[in-house]
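S.K.: Residue numbers (the working numbering), protein chains in the order written: chain A, 68 to 483; chain B, 68 to 483.
It should be emphasised that the hints constitute simulated quantities derived from the structure, not laboratory data.
Keep in mind that the hints are not guaranteed to be accurate.
Copies of the same chain are indistinguishable here, so a pair counts whether it falls within one copy or spans any two.
[Unchecked claim] In silico BS3-like links for lysine-lysine, alpha-carbon gap of 30 Å or less:
| # | residue 1 | residue 2 |
| --- | --- | --- |
| 1 | Lys134 | Lys374 |
| 2 | Lys431 | Lys411 |
| 3 | Lys273 | Lys411 |
| 4 | Lys355 | Lys470 |
| 5 | Lys374 | Lys273 |
Protein chains: 2
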Amino acid sequence: MNKPANAFYAQSGGVTSVINASACGVIETVNKSSKINKVLCGKNGILGALNEELFDTSKEKKSEIAKLRQTPGGAFGSCRFKLQDPIKQKKEYLRLFEVFKAHNIEYFFYNGGGDSQDTTFKVSKMAKKLKLPLTCIGIPKTVDNDLPITDCSPGFGSVAKYVATSTLEAGLDVKSMSETSTKVFILEVMGRHAGWIAAASALASKNETDPPHIILMPEVPFVKKKFIDKVKQTVANEGFCVVVASEGTRYKNGMFLADSGLTDAFGHKQLGGVAPVLAQMISSIGLKNHWAVSDYLQRSARHISSKTDLDQAYAVGKKAVEFALSGKNAVMPVIRRLSDKPYKWKIESASLSKVANVEKTLPKSYISNDGFRVTNKGLNYLRPLIQGEPPITFKDGVPIIAKLKNILVNKKLSNY
Amino acid sequence: MNKPANAFYAQSGGVTSVINASACGVIETVNKSSKINKVLCGKNGILGALNEELFDTSKEKKSEIAKLRQTPGGAFGSCRFKLQDPIKQKKEYLRLFEVFKAHNIEYFFYNGGGDSQDTTFKVSKMAKKLKLPLTCIGIPKTVDNDLPITDCSPGFGSVAKYVATSTLEAGLDVKSMSETSTKVFILEVMGRHAGWIAAASALASKNETDPPHIILMPEVPFVKKKFIDKVKQTVANEGFCVVVASEGTRYKNGMFLADSGLTDAFGHKQLGGVAPVLAQMISSIGLKNHWAVSDYLQRSARHISSKTDLDQAYAVGKKAVEFALSGKNAVMPVIRRLSDKPYKWKIESASLSKVANVEKTLPKSYISNDGFRVTNKGLNYLRPLIQGEPPITFKDGVPIIAKLKNILVNKKLSNY
Numbered sequence: 068m069n070k071p072a073n074a075f076y077a078q079s080g081g082v083t084s085v086i087n088a089s090a091c092g093v094i095e096t097v098n099k100s101s102k103i104n105k106v107l108c109g110k111n112g113i114l115g116a117l118n119e120e121l122f123d124t125s126k127e128k129k130s131e132i133a134k135l136r137q138t139p140g141g142a143f144g145s146c147r148f149k150l151q152d153p154i155k156q157k158k159e160y161l162r163l164f165e166v167f168k169a170h171n172i173e174y175f176f177y178n179g180g181g182d183s184q185d186t187t188f189k190v191s192k193m194a195k196k197l198k199l200p201l202t203c204i205g206i207p208k209t210v211d212n213d214l215p216i217t218d219c220s221p222g223f224g225s226v227a228k229y230v231a232t233s234t235l236e237a238g239l240d241v242k243s244m245s246e247t248s249t250k251v252f253i254l255e256v257m258g259r260h261a262g263w264i265a266a267a268s269a270l271a272s273k274n275e276t277d278p279p280h281i282i283l284m285p286e287v288p289f290v291k292k293k294f295i296d297k298v299k300q301t302v303a304n305e306g307f308c309v310v311v312a313s314e315g316t317r318y319k320n321g322m323f324l325a326d327s328g329l330t331d332a333f334g335h336k337q338l339g340g341v342a343p344v345l346a347q348m349i350s351s352i353g354l355k356n357h358w359a360v361s362d363y364l365q366r367s368a369r370h371i372s373s374k375t376d377l378d379q380a381y382a383v384g385k386k387a388v389e390f391a392l393s394g395k396n397a398v399m400p401v402i403r404r405l406s407d408k409p410y411k412w413k414i415e416s417a418s419l420s421k422v423a424n425v426e427k428t429l430p431k432s433y434i435s436n437d438g439f440r441v442t443n444k445g446l447n448y449l450r451p452l453i454q455g456e457p458p459i460t461f462k463d464g465v466p467i468i469a470k471l472k473n474i475l476v477n478k479k480l481s482n483y
Numbered sequence: 068m069n070k071p072a073n074a075f076y077a078q079s080g081g082v083t084s085v086i087n088a089s090a091c092g093v094i095e096t097v098n099k100s101s102k103i104n105k106v107l108c109g110k111n112g113i114l115g116a117l118n119e120e121l122f123d124t125s126k127e128k129k130s131e132i133a134k135l136r137q138t139p140g141g142a143f144g145s146c147r148f149k150l151q152d153p154i155k156q157k158k159e160y161l162r163l164f165e166v167f168k169a170h171n172i173e174y175f176f177y178n179g180g181g182d183s184q185d186t187t188f189k190v191s192k193m194a195k196k197l198k199l200p201l202t203c204i205g206i207p208k209t210v211d212n213d214l215p216i217t218d219c220s221p222g223f224g225s226v227a228k229y230v231a232t233s234t235l236e237a238g239l240d241v242k243s244m245s246e247t248s249t250k251v252f253i254l255e256v257m258g259r260h261a262g263w264i265a266a267a268s269a270l271a272s273k274n275e276t277d278p279p280h281i282i283l284m285p286e287v288p289f290v291k292k293k294f295i296d297k298v299k300q301t302v303a304n305e306g307f308c309v310v311v312a313s314e315g316t317r318y319k320n321g322m323f324l325a326d327s328g329l330t331d332a333f334g335h336k337q338l339g340g341v342a343p344v345l346a347q348m349i350s351s352i353g354l355k356n357h358w359a360v361s362d363y364l365q366r367s368a369r370h371i372s373s374k375t376d377l378d379q380a381y382a383v384g385k386k387a388v389e390f391a392l393s394g395k396n397a398v399m400p401v402i403r404r405l406s407d408k409p410y411k412w413k414i415e416s417a418s419l420s421k422v423a424n425v426e427k428t429l430p431k432s433y434i435s436n437d438g439f440r441v442t443n444k445g446l447n448y449l450r451p452l453i454q455g456e457p458p459i460t461f462k463d464g465v466p467i468i469a470k471l472k473n474i475l476v477n478k479k480l481s482n483y
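Looking at chain A on its own, in the form it has when it is part of the complex (with noise of 0.2 Å):
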């Protein structure tokens, strides 16, 4: 009898803190399975296939396989790199299905947004075309929420966590320090073109007057003066103004208010970041504020994860192996929300076809008449995913995390 093929996992794109745990769902699955015989991961994501540097998970320990739940990042890495087309360039492709030959791969998951569903997509089509053995899975990642179909994106929900506890923590802080100091204060995240992750910070506030007082989504264009007058007017109601915005806050001619050419103190130019930009604006009508740059910590704070993203995160990891094994293809595991309260949701698969290249904004019906708030549709949306707050063990004051051998299998191909 022939041994059981081997699976390809590979993490692509922007990571977050919960991207290890769709992982920790594949391989524990795979190994439960005497269908698939081991999960091999690509180091830095495809890259690891074209270069045929492949991490043999059958080579670590079970206990801290179990540990990538409570990991953020990417423990195998992560890349931004796009396939080629394949009508323009076959080459990527023969390699890839190569090296998979070659190391009895006959399973291709990859775990990343947009773009990668529509790389796991291309790949799955000429796979078919030549006629190959290989089904190909993708497995939704994005901080950025902004995938199709599913009701939300693994990453998400932990962000939103992050984002939401930081609001109503630093609110707290300006509050008190408001009477003779800082009156307002900014937070930026993320979020280029979808404002899913600002929005969040609407779950911070049980009353009208709670900050976050005013979110600024790329879904609405930027009006200075509307802007200014709002932050006047909470100065003047609350004695204090919290602004929480999105990365891609823009005009409407769609130019980014980070890349509006601003300079500090010496005349430097700054360099992205809307949150300095915000504050300038703020300082010249002469309230002293405090701004925040949140970037990396946000998606990585697995310390202020979301129990629900973190179950969801490795439910569609496992989900993926479970579809992979009963004859699905080209499909991508979609979380479908049964119910707002009690929160219940369960998987479904979703053809890669309508996954790939489709980005999901804010709908209008989520945001307020005057473009600063989140309408309660919207919060009836948002809450269920930042609930729960899953275990995580510290040593020496920091969290614990995996440590993998990540040990190559040996080449059996030329250099690519």
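Starting from the structure of chain A, add chain B where the hints point.
M.R.: Then chain B, alone, in the frame of chain A:
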């Protein structure tokens, strides 16, 4: 029999994630004692005393007072407001004493950093001079860890844990992206004159090659070429580089990298934005980078506070009351370290005359020869301070905070 006298408690300067635990320690200890009637808290620090705006803590539920242990920010409002020099301007002191007399206040508890201890000292001297029955106790608080005599300052251990954890997490993120994307990540943390907070990031590291690779502290003059060389070398060796920079990073001539030219009420320069300045330097050598500025997030992040720090914050509040009851005056509770491993500490008292206006920076022996790392001696000092994860409860996905009524007592005097 006369009613026992009341105590006044107020919060001063920048708040922390555990300053309310000190408030809790004061209030709960007073409530257990028959010698002090109750605690009246100044609304917005010392301003509350001047303006006769006093919150009556006896109107609060015990359960909400207990929740102060898990509520960041300043629950009664803080202030950046320094009393005038008593020799030049006695008016403010006389007003304070008038308000204290009107509300039967014979205990003055002032919770703050170096400037606030100076205020407490001045009040105690003036009260003594006027032979008033006022016991003055300072309660230490500052994320900057720059108070003298005390082994550490309540508030610091929690920001240290936040920074160490965030460095660990973001380090994993950038490591996984570094092959094809971001090579350098910069985290800007607080610390104007002392590098304690930046130094704490070293606790993220288990091996010499782990992040953070470069720590910039105000104690070490910044030399651009040396910095850039170290970044290049780290990227060459490790594939990526994590930099943690104090906001107060400065050149040999004393100029801050991020000098914005603004000053606060204490005359301190307002800083912000060393990260984008460093990012620009790194971009100019062609290395893709990301940067984060944690600002208020770090000092309000009660969700990742250190248990050691929280316990000490409560303990200095409790001890302040006990000192007052035992007849001590013009003192501040300080933490004395009894051993590193196992970590043991106790509370002693220090004379305010020795605390006021002394700033403790990082000892040279804590900084590596190249100026970019923390020595083992420094790590041994820092490590115990971030130990332990105190309990915290959540509702609807975000931390539960104390809901105080903050009811003002009736005014008895004319407006100030």
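S.K.: Could you figure out if Lys355 and Lys470 sit no more than 30 Å apart (CA to CA) within one copy, between two copies, both or neither?
M.R.: between (45 Å within a copy, 27 Å between copies)
S.K.: At most 30 Å between alpha carbons: which applies to Lys134 and Lys374, within, between, both or neither?
M.R.: both (15 Å within a copy, 23 Å between copies)
S.K.: Classify it for me, Lys374 with Lys273: is the Cα-Cα distance of at most 30 Å met within a copy, between copies, both or neither?
M.R.: both (21 Å within a copy, 27 Å between copies)
S.K.: Checking Lys431 and Lys411: alpha-carbon separation at most 30 Å within a copy, between copies, both or neither?
M.R.: So Lys431 and Lys411 pass the 30 Å test inside one copy only (24 Å; across, 57 Å).
S.K.: What label fits Lys273 with Lys411 when the C-alpha limit is 30 Å: within, between, both, or neither?
M.R.: within (23 Å within a copy, 40 Å between copies)
Of the hints listed earlier, there is not a single one the structure fails to meet.
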